[in-house]
Amino acid sequence: MSKDWPLWEVFVRARGGLDHRHVGSVHAPDAEMALRHARDTYTRRMEGVSLWVVKSTDIAASDPDQSGELFEPAATKIYRHPTFYELPDAIKHM
Amino acid sequence: MSDTLFRSLLELGDDSLILGQRLCEWCGKAPSVEVDLSLSNLGLDLMGQATLFLNYAGEVEGKGRDGDRLAFHRDGEQFRNSLLVEQPNGDFGQTMARQFLFSTYQLGLFEQLVKSADPRIAEIAAKAVKEVRSHADISAEWVIRLGDGTEDSHERMVDGFDWFWRFIDDMFAMDDDQRALAEQGILADKAALRPAFDARVAAVLAEATLPAAQPVWQVGSGRQGKHSEHLSHLLAEMQQLARAHPEATW
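So the protein lines, in turn, are chains A and B.
Take the first sequence: its letter number 63 is residue 369 in the numbering used here, and every next letter is one higher.
Take the second sequence: its letter number 23 is residue 28 in the numbering used here, and every next letter is one higher.
Worth flagging that the hints you see were computed from the coordinates, not collected in a lab.
Check the hints yourself; a few may be wrong.
[Stated by the list, open to error] Simulated coverage check for chain A against chain B, where a stretch passes if three residues somewhere in it have a Cβ under 8 Å from a Cβ of chain B:
| # | stretch |
| --- | --- |
| 1 | 324-335 |
| 2 | 346-356 |
[As the list claims (entries may be wrong)] Computed list of chain A residues with no C-beta within reach of chain B, every gap over 12 Å:
| # | residue |
| --- | --- |
| 3 | W311 |
| 4 | A320 |
| 5 | R321 |
| 6 | R342 |
| 7 | A366 |
| 8 | D369 |
| 9 | L376 |
| 10 | P379 |
| 11 | T382 |
| 12 | K383 |
| 13 | R386 |
| 14 | P388 |
| 15 | Y391 |
| 16 | E392 |
| 17 | P394 |
Owing to the predicted nature of the structure, the values given are computational and were not obtained by experimental measurement.
Even for Gly, the Cβ is constructed at its ideal location relative to N, Cα and C.
The following block holds chain A by itself, in its conformation from the complex (with noise of 0.2 Å):
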């Protein structure tokens, strides 16, 4: 049964004002029951206030075998993170 059907991505909202989370996937037969089974299967334990569920298929994915080219080149560009300013005294949490 399960095998026939397709594959979910299931995202949560823990609370109001946080974005969804990608927390794993169900199968189910359609969007109105992957909802349900996500429901099920990820909200349980109070885990969530809003559920967002996407065909599987419907991800466009980066290949790993590109990590090299995609990914690589960033480690050598620290200059990317704004480390490098002087901040006031007065300027807390940054």
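Add chain B to chain A, keeping to what the hints say.
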């Protein structure tokens, strides 16, 4: 009055207890891990309701019995659950047919009981009604998908519902003493809930492309403690441990 209230609380608690136990039989055997969790969640919701109703029943009775005592140390003929909830699970389609009929009934009932003149009943119903709304919803969604699914799933839903039509009157049964409590606003008048139940069932069956409810001879009467043999087997499994070790705690 307190005897009628006690009996009525047993009906409410036993319906949830017995169906909860039935659903627990699916644990580890459901068609998928998602459905396994869904059925277990549902069963545990019902166990929670049973605990609240049976604990209150014990207080009303006033003989020192709590919910555990009532659940594990009564014999079959002392149970007041409807015959519907003790029926075997059958296949997943049959389980969902039973769940849809019961949860639709229970939702209408609890929507009234939240207004009960008895504050304890009103509190329990207020907590449970949200759970039941989701049970009624997910079971209806399954009935629609399986009824309007493949030829095989459609046939199984037809067979599943066929078995259960005979238990509907039993679920809604009330006697004169209970009707008197309903007039005082303590219980719900179940006869008044029946038209909405019939309409909801008809609407979901139509959407599921399933045949309408069949007028069949109605079987009684679980509310008077007259049960099918299925209940004895269920109780044997459910009560065996508690009866073998009556004072055990864990």
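Verification of the supplied hints:
With a threshold of 8 Å between beta carbons, the proposed coverage of the stretch 324-335 of chain A by chain B holds, since 4 of its residues qualify and at least three are required. A count of 3 residues in the stretch 346-356 of chain A with a Cβ less than 8 Å from any Cβ of chain B is obtained; the coverage claim is therefore met, three being the minimum. At roughly 7 Å, the least C-beta separation between W311 of chain A and chain B is not larger than 12 Å, which violates its mark as non-interface. The claim that A320 of chain A is not at the interface with chain B holds, since no C-beta of that chain comes within 12 Å of its own (minimum 20 Å).
Every CB of chain B lies more than 12 Å from the CB of R321 of chain A, the least distance being 19 Å, so the non-interface label holds. Non-interface status of R342 of chain A relative to chain B is broken: a Cβ of that chain comes within 12 Å, the nearest being about 5 Å off. With a least CB separation of 25 Å from chain B, A366 of chain A remains clear of the 12 Å interface cut-off, as annotated. For D369 of chain A, the condition that its CB be more than 12 Å from all CB atoms of chain B holds, with the nearest at approximately 29 Å.
Non-interface status of L376 of chain A relative to chain B is upheld: no Cβ of that chain comes within 12 Å, the nearest being about 34 Å off. Every C-beta of chain B lies more than 12 Å from that of P379 of chain A, the closest at about 41 Å, which supports listing it as non-interface. A cut-off of 12 Å between C-beta atoms confirms that T382 of chain A is not in contact with chain B; the least separation is 44 Å. Under the 12 Å C-beta cut-off, the non-interface status given to K383 of chain A relative to chain B holds; the minimum distance is some 43 Å.
With a least beta-carbon separation of about 42 Å from chain B, R386 of chain A lies farther than 12 Å from that chain, consistent with its non-interface assignment. In this structure P388 of chain A is separated from chain B by more than 12 Å, as the shortest Cβ-Cβ distance comes to about 43 Å. At the 12 Å boundary, the C-beta of Y391 of chain A stays outside the reach of chain B, the nearest C-beta of that chain being 49 Å off. No beta-carbon of chain B comes within 12 Å of the beta-carbon of E392 of chain A; the shortest separation is about 54 Å.
Interface exclusion of P394 of chain A from chain B stands, the closest Cβ pair being 51 Å apart, more than 12 Å.
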